[in-house]
Amino acid sequence: MKGPAMDGLRTLDPALQREPAGAPRARWRRLASPPVFHHWAGRALPWFAALAAVLAAAGLFVGFVVAPTDHQQGEVYRIIFIHVPAAWMSMFIYLVAALHAGLGLVFHTRLSPLMARALAPTGALFTVIALWTGMAWGKPTWGTWWVWDARLTSELILLFLYLGYLGLVSAIDDPRRADRAGAILLLAGVVNVPIIYFSVQWWSTLHQGASISFTAAPTMARTMVLGLLLMALACWAYSVAAALARVRCLIAERDALGRRA
Amino acid sequence: MSQAGAHLLFIVAAYVVPVLLLGAEIWQLVRRSRRQPRRELADEA
Chain A
1 MKGPAMDGLR TLDPALQREP AGAPRARWRR LASPPVFHHW AGRALPWFAA LAAVLAAAGL
61 FVGFVVAPTD HQQGEVYRII FIHVPAAWMS MFIYLVAALH AGLGLVFHTR LSPLMARALA
121 PTGALFTVIA LWTGMAWGKP TWGTWWVWDA RLTSELILLF LYLGYLGLVS AIDDPRRADR
181 AGAILLLAGV VNVPIIYFSV QWWSTLHQGA SISFTAAPTM ARTMVLGLLL MALACWAYSV
241 AAALARVRCL IAERDALGRR A
Chain B
1001 MSQAGAHLLF IVAAYVVPVL LLGAEIWQLV RRSRRQPRRE LADEA
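From first to last, the protein sequence lines stand for chains A and B. When you line the first sequence up against the numbering used here, it's residues 1 to 261, in that order. When you line the second sequence up against the numbering used here, it's residues 1001 to 1045, in that order.
Just so you know, these hints were derived from the structure itself, not from any lab. Just so you know, even glycine gets a beta-carbon here, dropped at the ideal spot from N, CA and C. Be aware that one or more of the hints could be misleading.
[Claimed, not checked] So, partial list: chain A residues that the calculated Cβ filter (under 8 Å) puts toward chain B:
1) R29
2) T122
3) W132
4) L206
[Said to hold, decoys possible] From chain A, some residues computed to sit far from chain B (all C-beta separations above 10 Å):
5) G74
6) G164
7) R248
Okay, chain A solo, but in the shape it has when bound:
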């Protein structure tokens, strides 16, 4: 972005006025500037949405048509093609939101808390999906909808952390105070993510171990792993698209709030 339009944004954003336009730091600052990011997000959003749709279609095709029936669980194992990616995304989004919240808290960047706010509802949604699909898989395989097992309980705590964060930031009127309080809550909750991930190793749980390990060869058929990875990428692309759409709304809303003040 160059020329008169960029000059306009430099006028709009005081952070951009302090540094020469060509400096590398200024380039990063420019991308992290809410007006510039608003524009960039608007252009990237349809691509991520289309990518999510294509990957989801491919993942579901591989998962339901190509992947073989499991010899122990039968057809019901196909729930993992939504359950595992949703569980991964619930943890990954939390870490990314906490990272943004931390950056906002330490460096006082204006975009970071907005990114944390934009990511949290989608993270909460994936947590609900992971819990629900886990229950729908647990009933026919374990014979029960729910057990107070370490993995399930820590995932439920993750949902409460998301809901607590969303409730907290919406309960405080001053956006900066709300961002700070929300960031502290998100950062404090980070400790729960390794507990979720390693719970199946640390405690004797009913929940099975990791579906895919970075250090060991996959124990399931290659087409099952392919379906799982395609669906995980689809969920990732969807999360990016949803976060970009939401952060655009948040930037415009905060801008309107600033104009009114």
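We have chain A already, so just place chain B on it with the hints.
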């Protein structure tokens, strides 16, 4: 109900709820973005 029929029911239930939830999120995001005041400067850029 046969075991295969019961499993099919669980698979449908497992996939329908996420589709509804994600659909609701998309609908809410579309509505919210349509309500936004236009950011003339940023959009021109």
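Task: Beyond 10 Å from each Cβ of chain B, as asserted for R248/A - done: violated, 7 Å
Task: Status of the stated non-contact between G74/A and chain B (beta carbon gap over 10 Å) - done: Answer for G74/A: violated, closest chain B Cβ roughly 6 Å.
Open item on the list: Can you verify the interface hint for R29/A: is its Cβ closer than 8 Å to any Cβ in chain B?
Closed with: Since the shortest Cβ distance to chain B is 15 Å, the answer is violated.
Open item on the list: If I take the minimum Cβ distance from G164/A to any residue of chain B, is it greater than 10 Å?
Closed with: holds, 19 Å
Task: Interface hint for L206/A, Cβ within 8 Å of any Cβ on chain B - done: violated, 17 Å
TODO: Go through the hint on W132/A and say holds or violated, using the shortest Cβ distance to chain B against 8 Å.
DONE: holds, 5 Å
- [ ] With chain B as the partner, please determine if T122/A meets the hint condition of a C-beta pair closer than 8 Å.
- [x] holds, 7 Å
Violated hints, in rising order: 1, 4, 5 and 7; the structure is consistent with all others.
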